[in-house]
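> Got chain Z; can you put chain V with the ligands on it based on the hints?
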Amino acid sequence: MNLGTICTIAVKELRDVTRDRKTLLFMLVFPTLSIPVLGMGMSRLVISQAQARDVAKVTVAADARSREALLGAARGAALSLAPRTADALRKLAPEAWAELERALGALAADPSARDRALGGAEDLPPEVRKAAEKLRSALDSPRAGLPAGERRALQRAAAAQKLLARTEFSDPAALPAAPSGTAERLPAGLRDDSLALRAAAAIASRTLHAAVVLPPDFAELVAAEGEPPQVRLYYDSTFPLSQEASDRVRSALDAYAEGVVDARLSGRSLTRTLLKPVDVADRNLAPPSRQFQAAIGGFLPYTIILFAFLGGLYPAIDLGAGEKERFTLETLLLTPATRLEIGAGKFLVVFLASMVSAVLSLGAMAFTLTKGILPPEMLAAIEVSLDARALALSLVAVAPVAATFAALLLAVSVYARSFKEAQTYAAPLQFLIIVPAIVSLLPDVQPTPVLGTIPVLNVSLLMREILRGELPGTLVLVTALSSLALAAAALAFAARCFSREEVLFRA
Amino acid sequence: MDSPPLVVAQGLCKTFRGKKRTTVEAVREVSFTAHAGEIFGLLGPNGAGKTTTLRMLSTALRPTAGTATIAGHDLVRQPAEVRRRIGFLSASTGLYGRLTPREVVTYFGRLAGVPPGSLGERVTELFARLGIAGYADRRCDSLSTGQKQRVTIARAVVHDPPVVVMDEPTAGLDVLGARAIVDFVAECRARGRCVLLSTHVMHEAQKLCDRVAVIHEGRLLAEGTPAELCARLAAPDLEAAFVKLVGGAAA
Ligand SMILES: Nc1ncnc2c1ncn2[C@@H]1O[C@H](COP(=O)(O)OP(=O)(O)OP(=O)(O)O)[C@@H](O)[C@H]1O
Ligand SMILES: [Mg+2]
Numbered sequence: 001m002n003l004g005t006i007c008t009i010a011v012k013e014l015r016d017v018t019r020d021r022k023t024l025l026f027m028l029v030f031p032t033l034s035i036p037v038l039g040m041g042m043s044r045l046v047i048s049q050a051q052a053r054d055v056a057k058v059t060v061a062a063d064a065r066s067r068e069a070l071l072g073a074a075r076g077a078a079l080s081l082a083p084r085t086a087d088a089l090r091k092l093a094p095e096a097w098a099e100l101e102r103a104l105g106a107l108a109a110d111p112s113a114r115d116r117a118l119g120g121a122e123d124l125p126p127e128v129r130k131a132a133e134k135l136r137s138a139l140d141s142p143r144a145g146l147p148a149g150e151r152r153a154l155q156r157a158a159a160a161q162k163l164l165a166r167t168e169f170s171d172p173a174a175l176p177a178a179p180s181g182t183a184e185r186l187p188a189g190l191r192d193d194s195l196a197l198r199a200a201a202a203i204a205s206r207t208l209h210a211a212v213v214l215p216p217d218f219a220e221l222v223a224a225e226g227e228p229p230q231v232r233l234y235y236d237s238t239f240p241l242s243q244e245a246s247d248r249v250r251s252a253l254d255a256y257a258e259g260v261v262d263a264r265l266s267g268r269s270l271t272r273t274l275l276k277p278v279d280v281a282d283r284n285l286a287p288p289s290r291q292f293q294a295a296i297g298g299f300l301p302y303t304i305i306l307f308a309f310l311g312g313l314y315p316a317i318d319l320g321a322g323e324k325e326r327f328t329l330e331t332l333l334l335t336p337a338t339r340l341e342i343g344a345g346k347f348l349v350v351f352l353a354s355m356v357s358a359v360l361s362l363g364a365m366a367f368t369l370t371k372g373i374l375p376p377e378m379l380a381a382i383e384v385s386l387d388a389r390a391l392a393l394s395l396v397a398v399a400p401v402a403a404t405f406a407a408l409l410l411a412v413s414v415y416a417r418s419f420k421e422a423q424t425y426a427a428p429l430q431f432l433i434i435v436p437a438i439v440s441l442l443p444d445v446q447p448t449p450v451l452g453t454i455p456v457l458n459v460s461l462l463m464r465e466i467l468r469g470e471l472p473g474t475l476v477l478v479t480a481l482s483s484l485a486l487a488a489a490a491l492a493f494a495a496r497c498f499s500r501e502e503v504l505f506r507a
Numbered sequence: 001m002d003s004p005p006l007v008v009a010q011g012l013c014k015t016f017r018g019k020k021r022t023t024v025e026a027v028r029e030v031s032f033t034a035h036a037g038e039i040f041g042l043l044g045p046n047g048a049g050k051t052t053t054l055r056m057l058s059t060a061l062r063p064t065a066g067t068a069t070i071a072g073h074d075l076v077r078q079p080a081e082v083r084r085r086i087g088f089l090s091a092s093t094g095l096y097g098r099l100t101p102r103e104v105v106t107y108f109g110r111l112a113g114v115p116p117g118s119l120g121e122r123v124t125e126l127f128a129r130l131g132i133a134g135y136a137d138r139r140c141d142s143l144s145t146g147q148k149q150r151v152t153i154a155r156a157v158v159h160d161p162p163v164v165v166m167d168e169p170t171a172g173l174d175v176l177g178a179r180a181i182v183d184f185v186a187e188c189r190a191r192g193r194c195v196l197l198s199t200h201v202m203h204e205a206q207k208l209c210d211r212v213a214v215i216h217e218g219r220l221l222a223e224g225t226p227a228e229l230c231a232r233l234a235a236p237d238l239e240a241a242f243v244k245l246v247g248g249a250a251a
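Protein chains in written order, with my numbering: chain Z, 1 to 507; chain V, 1 to 251.
Hints may be right or wrong, so weigh each one.
Said to hold, decoys possible - If we take Cβ atoms under 8 Å as the criterion, some of the chain Z residues that face chain V in the derived model are:
hint, residue
1, K12
2, R15
3, R19
4, D20
5, S48
6, Q49
7, Q51
8, R326
9, F327
10, T328
11, E330
12, L333
13, A337
14, E501
These are computed hints drawn from the structure, not numbers from a lab.
Note that this is a predicted model, so its numbers are computed, not measured.
Glycine is no exception: its CB is placed at the ideal position from the N, C-alpha and C atoms.
Chain Z on its own, in the form it takes in the complex (with noise of 0.2 Å):
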């Protein structure tokens, strides 16, 4: 082997597959790109999704009684809280009180109207929400006074009435009958429900998202403090506007509920304690860099190593089978370099391209989920902590498998007997190498010395091990033997492609 030889084959390699927009487009831009587009896009989808179902109008078949019972529970739940409220409100913020009154004008002679205000209710004047929206934020902080528990319980009960507030209803009576054949689709035990059945169909039909009874003694029974009113809520899970219909009458009913049970307590001086014998107060232990690898660290080796495959794939077969498919290999053959001088310069600058393509897809990684491409609720609940350690290692930990991909795509590459017979031979590659790479986003997969054997599969571990910031000794020289290996052997293995007429002349 001559190394000079090697070295100008490489060159001359390089030269020519970055003179090649395809190449580059595989190898620079599309790993640079792809993650912060679509995490961004990702993120935006599940945001405005999550938004849509909040502001959609639903539509809830309830009758009148029932309909003025939900109401009123829903006011009530924010009543419940209002003398108490607004006795802690005009202490702490006097000036928003003030302003709050001169809004409300005439109407401050109901005092309904400014306990509905405090509330959440959307059919005021926007300058008397606007005032009660101040009230309430100075509500929210600790100075308030107000116990923690009924603070939440306010800003649940404002919530639910505002979700009520984009809630249409309408007349069950008005329901069209259900076609036959609906009994038998609903479970068991709501076939003979008559409501259920025309529920059901208007539903699936898209005109309806939920049917709601309220006793029509709900108040009375409630006050009696006897067997709790039963209200039945009929819903279809698998609609997912039925579902939020359901969570909008049912969190409103719990609001009132919870306020219900705050009155109870203190009607008996007692306190929600009471209901609470236990507190645990847990402390995680985990440091924030493996917090971030049981949250989304696994996905990371994953990601790397799919790029490093794809950076090398162009390349590698571009410089096997496309010498074939141009009529070139033969004469490159015909020179003084020993085939494995050609395998090894052809294999420097797969390896090359597929580590820059790893590069680049772990720092447009980093990047994503550091500098506020994703939106900051998103960074929140990801805890990100990336450091830089711990990049530089796992990137050490990419090599071995850019080499193994380095040469496996350039084996397969000569053996094909075209550009298109190669890349039918790298989708399945392709495939086989994906599935160890997925293991690293299982938790629970120990990295034994056995697994280490296993390509792909090990430095995928090993990068999740790293990131989690340890450095198993057994697994990375048993990941780094084993890699070698297998990158000689497909070497070997390509080289020997390059001696062998059958593969060269195929006819």
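Relative to the frame of chain Z, chain V with the ligands by itself:
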């Protein structure tokens, strides 16, 4: 001939294994000798085994039996030495489209072991001789067929090999393109090189070749100067001799 023999083929055989255990005896016991300062032509109909013979002589294919020496080096035992001493080109050999002629020829010069100090000079000189200078720094895939063929020649002889092997060098070229190649081949002879070429174009072979060998179905049917062959077969020209030979064998 008193000039030293550069190519000595002895009983070259090549059998290809095809699909379903069929075998093709592409070349059977071909022996000949070609000397320095000589143009040796291989003539034969399609599928006669010309390309296969030339590929064996250039070490691309390993003979099933027999061997050959190139400038004294055995092609089976010393393929690397043989490769240093031959230049190979065929009508179908391609160029690296994204590189320029200068880059391509320099690359092959380096691989063939031309000393880096003299390589630049050698490339410039070759380009001037072959008329490539005008497009030496354009990408190869933007060149015409004739321009590409000249670059291919420059690529094949950049290391100034004693033996040049050409498989149908004029195929697909127009009159001017073919003429340029013919001139180049004649020039090689003048410089004492040995040129081994295959062709279908009989009048070209008659004018150019010092000696020819006619191959048919893998076998060497006749060998000699064009004039000798014509005389032996009582034919007015090489084409008529060729038809008599090959047609007679087919009958
Ligand atoms: N790689 C191969 N595998 C199997 N058979 C082959 C292979 N290469 C050539 N042959 C067969 O060997 C025989 C000789 O082919 P060859 O290419 O040497 O002929 P040729 O004289 O160059 O013909 P042409 O004038 O058409 O170029 C043909 O029958 C051909 O089909
Ligand atoms: Mg041929």
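> Output the indices of the hints that this structure fails to meet, ascending.
5, 6, 7
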